[in-house]
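Chains as they are written, first to last, in the working numbering: chain A, 1 to 196; chain B, 197 to 512.
The set of hints was computed from the structure by calculation and includes no laboratory data. Even for Gly, the Cβ is constructed at its ideal location relative to N, Cα and C. Incorrect hints may appear among the rest.
[Claimed, not checked] Negatives, chain B to chain A, calculated, CB over 10 Å:
1. Tyr232
2. Asp295
3. Gln308
4. Ala320
5. Ala324
6. Arg426
7. Arg477
[Claimed, not checked] Partial chain A-side listing against chain B, Cβ under 10 Å, derived:
8. Phe26
9. Val136
10. Phe144
Each chain is listed here by its residues.
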Amino acid sequence: MIITSNSAARIAGLILLFTILQVAFFSQVELLGTSMWILPACAVIFGLLGGSLVGATVGFAFGFLGDALTDGPLGSACLIFMAVGYLAGTYRERGGEVDRPTVMVAAGLATLGSNLLLGIYTVLVGFDGYVSASLVPDLILQAFYGVLLAIPLYGLVRRVLRPALISESTPRRRPVDIDRWADELEPPGNGPEALP
Amino acid sequence: MCGFPAEVRKSPVRSNPAPGFPAAPFPRTDPEPTVYRKQVRRRRAVLIGLIVLGFILLTFTFGSGSGGAGGALGTVLDPVTNVASKALKPARDLVNWFDETLAARGERDRLQRELEEARGQAVAGQVALEENSQLRKLVGLEEAGRIPDAYDPVTVNVTGRSPTVWFTTVNVNAGTSDGVTVNDPVISGDGLVGRISSTSRSGSVVSLISDSSSAVSAMILPGGAQGVMRSKVGDPETLVLEFLDETRDVKPGQTVVTSGWRGEGLSSLYPRGIPIGEISRAPIDQREAIQTVDLRPFADLRNLDTLQILTGGNRG
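Construct the complete structure from the given sequences, taking the supplied hints into account.
What follows is the structure, given as structure tokens:
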């Protein structure tokens, strides 16, 4: 991703938009008793599109804003989303294929992993409550919602950041079929074998 | 800030001369590796900086929510969140309608059973109320409502909600300008909801009683057995009450209210007598020193919309 002041402003706008949507909409709607958590999927998408550094930085910003708006323990989500964005970006930089299934799987894993890491953090800092067995289906459902929402979110982010994306700005080359090309140049009957 | 794509990074330095040209007497130094090294250094510095910043934030805000930085950001973004919440309410209601319709079938059966029980209790309650009012007149006590007179309730709407299952908080559209302060109790029409965990000028964050950090001193009625109510992470429809084994005659259906203790300069955050829930499961084990029973909160903690913050007043 080519970072200019224009693309940086677009990224900042997307971060703010997704965080406010998370707090004001996705957290407040429930399907099958579980709300939706889009921020880990967003961190993954930015990592897959922009690389490890962009993924880590944007993930950190998502965590910071999300925690600040909901009075969460500032820093925990920052570090978790940063790791999520960095790993997604590293996958892309190492030549991993970024297609729809990859984005969906990565978003689901990121949501599940972020939830588990937040749980570990909660236990480490002195968790003093009880854990219900229905936590497990909640975590799985939230990861499933991450999978479902990954594609529209990916499409939106890619559309907004298209001018800054290296893979989008370079024109694609069509593969050349040499034999077919040669056949078209020399149709049967016009070659040397047609001479008397 | 941008990184090189993998194929650029891995491309070998070109050292072969073009056809027809002699090889250079000295090996050519390509500027690409130097630029790449700079990129790597800058990338490492940014990553290390972010990690250090993350740990600094964790250290400074440990155990106290998002702290000052969160409050400052909240002051800036709360109006935006409020507007977004109002604008998105129709869409939210539409999605929630599907979920509520699915849940309504089970709820209907349960409510019918409860209604039958409640009818019987209502008759008994009417008798008790009449008896109570006569006794109060006799001893000259004022009739006490659920909310103590010293409190000034502020009605608010929920504008946001925490997304994780570990920290259950909701954002509301009233802040310090409305007289809201940290630790003010928050109730709904059904019962206790939580307390204010942070405030900004125009908004506040409510830490629900189902939050993993929540603990409320509570009392079982009738009987008066006192204990501490805690959350059960992952199941906001169940709370857990811990109490000593002195009173074992605890049965499902008994009501649990805040106990509102006070003593030696310390007092409970919640006033006495706010309904919390009813006991749903009471597996009393004679061998345990501390008994635990499950409660079903009266307030629907999954679908909160309009709440009241009890500002002012004396704790306990």
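Hint-by-hint comparison with the structure:
1. Tyr232: Check passes; 13 Å lies beyond 10 Å.
2. Asp295: Given a closest Cβ separation of 5 Å, the condition is violated.
3. Gln308: B/Gln308 is indeed farther than 10 Å from all Cβ atoms of chain A, at 21 Å.
4. Ala320: holds (33 Å)
5. Ala324: holds (34 Å)
6. Arg426: Non-interface label on B/Arg426 violated, nearest chain A Cβ at 5 Å vs cutoff 10 Å.
7. Arg477: holds (12 Å)
8. Phe26: holds (7 Å)
9. Val136: holds (8 Å)
10. Phe144: violated (14 Å)
Violated hints for the displayed structure, listed by number in ascending order: 2, 6, 10.
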